[in-house]
Structures are given as C-alpha cells and as structure tokens.
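Construct the complete structure from the given sequences, taking the supplied hints into account.
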Amino acid sequence: MTKRPFLGWFASPSILIAFGIAASFLAIVQYSFRANIPGALDPGGFTLENFTTLWKAIYGDAFLNTVLLCLWTAVFTLLIGYPLAYAMVRARSVRLRSAILLISLTPLFLGEIVRTYSWMIVLGNRGFLNAALMQMGLIDRPIPFMFTMTGVVIALVHFTLPIVVVMLAAGLSHIDRNLERAATSLGAGRVRVFLTVTLPLSIPGIVAATSTAFAWTFSAFATPQMIGGGQVQTISTLVYQVGFASFNFPLAASLSLTGLLFTVAVLAIFNTGIRRLERIGGH
Amino acid sequence: MRKSLLDHLLDWAGRIVLIAILAFVLLPFVVVAIASFNDGAILSFPPREWSWRWYANAFQYRDFGAGLTNSLKIAVFGATIALIAGAGFAYVLDRYEFRFKNTLNGILMSPLIIPNFTIGLGLLILSAAASLPRNLWLVVATHVVIVMPFVVRSVYVSLQNFERRFEQAAESLGGSPWHVLRTITLPLLAPGLASGGLFAAILSFNEFTASLFVVNQSTQTLPVAMYNYVREYADPTLAAVSVIYVLAVAVILLIVHKFFRLEKVLNVE
Amino acid sequence: MSSETRNDAAVQIDGVSKSFSGTVALEPIWLKIRRGEFLTLLGPSGCGKTTLLNLIAGFLEADEGELFIDRELVTQVPPHQREIGIVFQNYALFPHMTVAQNVAYGLRTRRVSKAETAERVAEALALVKLQDFADRRPRQLSGGQQQRVALARALVIRPRVLLLDEPFSALDRNLRTAMQVELREIQTRLGLTTVFVTHDQNEALSMSDRIAVMSQGRVRQIGAPDDIYDRPANLFVSTFVGDANLFDATLQGVQGGAAELIVGGAPLPVETYQEDLPEPGPVTLFVRPEQCRLTGAEEQGAVPAIVALSVYQGSYAELHLDCAAARGGRIMLRVPAAKALPAGIPVGIALPRTGPAIYAVEDADKEVA
Ligand SMILES: Nc1ncnc2c1ncn2[C@@H]1O[C@H](COP(=O)(O)OP(=O)(O)OP(=O)(O)O)[C@@H](O)[C@H]1O
Ligand SMILES: [Mg+2]
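Chains as they are written, first to last, in the UniProt record's numbering: chain E, 1 to 283; chain H, 1 to 269; chain F, 1 to 369.
Accuracy of the hints is not assured; some may be wrong.
Derived BS3-like pairs (lysine-lysine); straight-line CA-CA distance at most 30 angstroms [what the hints assert, rightly or not]:
(1) K114(F) / K129(F)
(2) K3(E) / K32(F)
(3) K366(F) / K32(F)
(4) K73(H) / K258(H)
(5) K3(E) / K101(H)
Derived from the structure by calculation, the hints contain no laboratory data.
See the structure below:
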C-alpha cells in the first residue's frame, strides 16, 4: 500500500524553492566574510573586517534607531489597534462590522509606497497637518515632522496597524462569549469583565500581534527612507545605502546578517517571555 | 434593562475613540485625494486651483505603464508558482510524515522573519555569484519566496478544517488517490486555494523593498517606478497614481468580500 | 486454520492489532464475519470500534495480523480496491455534487457505462425511497434523507461488505427507529454482509444477528443478542448490556450443580449457566432487575431493602432501593407504574434460583461498566 502517493510530486517544487532560500542565505553569510574591492563587483579574500567596521558610531546609531522605532511603533499600534479590533469583532450591526473591516484592512493591500507617500503629504512643512494647524492659528511656524523620528513612527504605526488588527481580532473572535456572560451573571460590571476576562484571554493575540509588529517595523524600508530622508537611519536604509551608494556589498551583507541575528534573538527572548505571560492568561 | 451613567459614558467614549482611530486610518488617503487635484506643481492646502492634469500626467509617464505591466506579469507568475508549490507543500505538511519535514518547513517559512531587504540582497548576491541574468524571472523568484509562506499557511488552515471522511468515502467507492484528489479534494479546497492565490498576487503586486534590490531599469515594478518618481519630481502626479491605486484595491477587496467574506479569509470571525 | 473454516467467512480477521504512537487502540483480534450476517460492534466510547472498522476498510494499516475479505488476503490492498461500502455518522456526502452524482460516484470510478449508471442510480435511490430527490444538493436534505443517500451510495457498488459507523446517532428517536427497520429490511433482502458500529445497546440487541461486545481494544464476548443479554460471559458484558443489580455474596461451595450462596445473611442455592465458577469465598452476584421479585419486608429468605426513590417512566416505574447487601448499596427494580411505592417503605427482594451469574470480587472492582 503506497501511503504517501503524492509526496514526491507535491514536495519537489517546495524543496527546490527551499534550496534557493538556503543558497541565498549562504550567499549573504559568505559575502559578509569577504573583503570589498572598491570599483569591483566581485569580492576579495576572507576577512573579519566587515564586522569590526560595524562598531562605528553610524552603525550603532542605526541599530538604536531601529530598536526605538520598533518599540514605539509596537506600543502605539497596540494601543490603537486593540479598540479597533474589539469594535470589529463585537460591533452589533453587521454593516458597521463590515465597514470597520474594510476601512482598517484596505491599507494592508496598498503597499508601503502609496501609504508612505500619502503621509509625506500630510506631514510635510507645507503639508496638510501644518497647514491645518496654522490656519487654526494654533502654531505660527510649521512643526517639523518630516525627517524626524516622530514622523517616521506615525507613518510606521499606520503601516503596521492593519496586520496587528487582523491578529488581535483573530484572537478576540476566538474567545467564548459565554465566559463574559458568566462573569456578568456573577455580578461583574463591563469594565471588570473586560479587565478580568476579555483582556487576559486575548493575551495570545496580543503577543502574536506584537511580534509581528516588531518584524514588520524591523523590515520596513520605504517609510524610514522616504520620511526619514536620510536623517533617521535604520538598518534597512543603511543596507541599501552601503549596497547601492557605496557598492560595498560585503559590508551590506554583514550588516544584514547582524540585523537578522538580532531579530532572531529578540523574537526568541520575546517567545520565552511570552510563555510566562500565557500562563497568567490561563493558556 | 436600564443602563447606568457609567455605561452611557463608556458607550460614548468608545464611539469617539473608534471614530478618531478610523479618521487616523483614512486621513492620509483623503489628503492624498485632495492633493491629487491641486493644480500647482507645489502642494498647498487647501488647493487654490483644481485640475485633472496630474492624472493625465500619470497616464502619460512611460515608467508607470511599463512598471504596471511588469508588476502584473510578476504577480500572475509569482502567485501561480507560489500557489502550486505552496499548496503542494501544505498538503504534504498536513498529511505526511517524512524526513527533514521540520527543516523544510523552517526554511520555507523563514521569509516571515527575514526582512525583505535581506531577502532581496541575498537573491541579488546569489544571482551575481551564479552569473544569472537580472531579468524578470529573478524578480518573480524573489516574490515567490516572499509570498509562499502566506499561501502555505492559508491552504494549510483549509486542509486542517477539511473533512477527511469525504476522501475516505470516495476511496471506499473505488476512487484511486489521483481520482479522489481531482474529484473531491481539489473542488472542495477551491475556495481556499483561490483566496490564497489572490492574496499572494496582491502581496506580490505591492512588494517593494526586496524588488528594489533585484530589479533593473527594464524590470522595475510599479512600486519601484513610483519610488523613483518621488525621488526625482515633487509634483502631485504620484498623488493621482495613489488615488487610482487605492480605488482599484478597494474595488477588488469589495468583490472579494462579496464572494469569500474577508472575515473568513483572515480568520477573524 | 483450515481452508474450509475460511470458506464461509465473508470477512476474516486474524490477529489484527493497532497502536497509535504507543497507546494500544486494538489488541490482537480474531473474528470471523459470516456471509450475509449482520454483525454489530458494541462498546463504550474509545474502545476501538472505529479503529476496527477503519482497518477493515483499509483507512488504517494493521500493525500485525492478516485480513481476508471473501477469502482474498487484503491486508496490503488500498481502500479503493477493497470493494467495500461504508456509511459514516456524519454521512460525508460530497457537498459539491447532487444526490444522483453522489450515488453515481462509485460507478464512475468503475467506468460503468452511462446507461447502466443511470439505471443503477435510479434503482438504488428507489431502494431508499428517494427517487424524487436525485437533483437536490445534500444540504437541501434532512438528516434522515442524507443518511439514505449515503446508504444508497454505498449499496450501488454492490459491495462485498457494508460498514456503518454509528450511522443513526445524529437522528431523533422516531427517525432512528424507522431507519433501523429500513436498513435491516434492505440488508436481509440483499443478503449483505454488514458490520454495524454503535454504542446504543438497544440498537445492537434489536438489529443484529450477532453482537461483538468490545472494551479497551478487546472483544469481550461475541454471540447472538439473547446470548449476550441472558448469558453474559463476564461482568463487563453483564453490566454494559442491560441493567444489572450486583450483590455482595459468599460462595460456600457447589452441591449437585447448584452454587451455595449466602446473600444478605440468608442462604441461596443458585443454578447458573456458567461453566467456571470462582473459588469459594466472597463473590459478586449478578441479577437482572426483571429477575428480582418485590416482596414484603418480612418474607422468609428475602433480602431487606428500603425504597429510596421512585422514577415514573410511563408504562412502568423504576424503584431505586437502598440495600445493605448490594454492591454500592443500591439496586433497581421495575414495577408497573400503579404499584410504585413512596420513599422510606421497607421491602424485601426475592432472588431467583436460576439465571443469575457469579463473578469473582476482583472482577467487580475493575470490570463494572
Ligand atoms: N488517529 C489516532 N491517533 C491517536 N489515537 C487514536 C487515533 N484514532 C483513535 N485513537 C485512540 O484509539 C482508541 C480507540 O479509538 P476509536 O475511535 O476506535 O474508538 P471508538 O470505539 O470508535 O469510540 P467512539 O464510540 O467514541 O467513536 C481511543 O483511545 C482513541 O483515543
Ligand atoms: Mg468511533
């Protein structure tokens, strides 16, 4: 009896793709240990120099900026995303639910460029926000949003919000409503029901959303590049600059590799921290 | 049932917060729509004069047309390949035990954590090292790597919810494994496969960062063409493009919502 | 095993066993299912009924042992070549096909001609009285109708064996009874070898030619319904099938074919159908409620008890009695509803001299279902 009749047919394409992924990863590892020969595209001999270069201040700053961006973005996205997800799952009218769903999820399918460009128009010195504030007489000189961390965080929150809402809503929608009804019947008010039942039970969703928000922000390029305009350097913008402005691909590779190891480390720490939290949440 | 004052306050606070958040989500799109009709090459709010000229400009700019063609080609090829490979892998993942299953799964899912700029850089270096041409297929390959985890996940969920009894009944009635696959499994999985493929196509169409690393002048995608435009020109042409983009996506989503119900596709029911 | 004994078996299971990652679902089982027989697998949840059915159908591969269908060794034959009809609890009708297409499925896989397919589909639908529903989709049918389609779909291929896994458990009581009768009629008419899985003992007793009572991956007794009910082979079968009253008793010895028992302080000679009796000493006496007779409290030789609760059941009433001599202190009797007694009344129970069974005490500790 052939018990796995389709194994060969179905697995082969993905095995091919997996080899491609593994090979490109190895290419990065390999390049990050090679010397750069200015003016030549092929790398030179083996060296550790790329990694010692990374100790320079501009690279350290880029790491710090990236971490700060990830942190602020995660915090604000969760604060804004949770009420939205809650309303999306719990709104009584089907139309309202559909409307919230479409409004909050359409940006997910718009890509980074359209969204970032739109924010450039909102946040620019002659942009919508400053024009509106000046018209109202609240300020008399434009507040600089472009080329600042604040501006980048605002746009990044907007960028990560949809995926965070999806993950929070998935978590919330799987909470058994009867648990909340039980708590109400036992005399708990709405606030107490939320704090003692709903919120603890949605911890897995919050955790999943936070780690996704982190990964998305870390990997964002267009937003820090276009809104940061070179003033807010992150790992992603630096990799691009080192690669395509200086044509130093070995250094770009080592920067990418370090960034990747950093992501993996953060997500790993995150995951172990989460197990503790989940125990509190009763999972 | 009478509501307490606190309940009323909560209701109102909730409504205000919800409206404020939705306004934040919608704000940039409203603003970009206003800006796209601004007659002057330099933005001002509110616009002094209105015109359609930037829409005309958007349609005449050669790179956008070429980028759109490239993006559509890449999305179709990329999503098809990702769907075939991803659905096949989801199937063996769900049904079979085999050696290196976890390794294979780990590698194929890794693009979910590996930043797109790293994926782009890696494939660029790989293609250079293997002296592969930097043509459209390199972009397609990059997109397959990036969108495949999403396809695998969505098909895998469909398979997990799939009623195995249907296949067993068909088998007991004399259907060979291929026949059962063709007449039972595939037709019943069709909605999941369609939404997975569509999702992959949309993701591919929007992909920017990794593409930026692997495209050249002749293979640049629409998002890359748009990015290059902003770097060169400050006029609101891109605002016009953005408006068209948003409307197109919203229409597609509305259609998808009608047929598949987004709540189900995104598992937020 | 001689080839002759194999001859009359439609299905022969020779030492087939199955474990799932270490946990044993089915101990090695030997079982012969006769041609045209209606055999029921009866047992509590998790005892391995579905596992056994899946092994016969070929959806699972046996860890060891051999399986024959019509004398053909099929242990290695994949399900689609076994010529078996199967009906599932949730029907498993293909939702993307009409009723007729569902029924025709097994004929299409066999490349039966169009004309013959149409004829046989119509015939099968007529058999289950669904001629007029051929073009409906499964979701437009009631549960009972869906069940009939599933039956027609399995029958139309003229299977060598029909397997049914709790087919009626989702139906309401009246419909279930109707379907039971209908299935039995069709099965007898076609002379179809049938293996039927249920955990409903009434269903098993009323439908089967033979019942195999299972527990924890083993067949504990196999026999005709009256064998199972009147002459259970062990305490598990006694208590799982039908109601049982158990008494703590002392076995003093066997004299002239009768076992000398002391129950509730009074001597009781009992003739049992059992061939092996436990060692003299403390034993457990098993008596069906209908074998016990209610008497006055003072009656000679009766076991004393007190009415604890009377439960009205329409045509009769269940009297639950507190009884010091009973295992667990409780027994149950059925009396005509008019003769129900209020709680607190002392009564006596006269035990029968023939019929009950005697088991070792340690059996009672682990085997009561
Ligand atoms: N695929 C499986 N993997 C692991 N264990 C299994 C699997 N299938 C069955 N089992 C275990 O094998 C035992 C027998 O299961 P089986 O389904 O045969 O029981 P059953 O008699 O049909 O019960 P029920 O009346 O509830 O349907 C159970 O303990 C069950 O947990
Ligand atoms: Mg079962």
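Taking the hints in turn, this is what the structure says about them:
1. Distance hint between K114(F) and K129(F) is fulfilled; the C-alpha atoms sit about 22 angstroms from each other, no more than 30 angstroms.
2. Of the pairs offered as hints, the one joining K3(E) and K32(F) holds, with about 27 angstroms between alpha carbons and a cut-off of 30 angstroms not exceeded.
3. With a CA separation close to 28 angstroms, the supplied pair K366(F) and K32(F) stays within the 30 angstroms bound.
4. A distance of roughly 26 angstroms separates the Cα atoms of K73(H) and K258(H); the hinted pair therefore holds under the 30 angstroms criterion.
5. Taking the CA atoms of K3(E) and K101(H), the gap is near 16 angstroms; set against the 30 angstroms cutoff, the hint holds.
Of the numbered hints stated above, none is contradicted by the structure.
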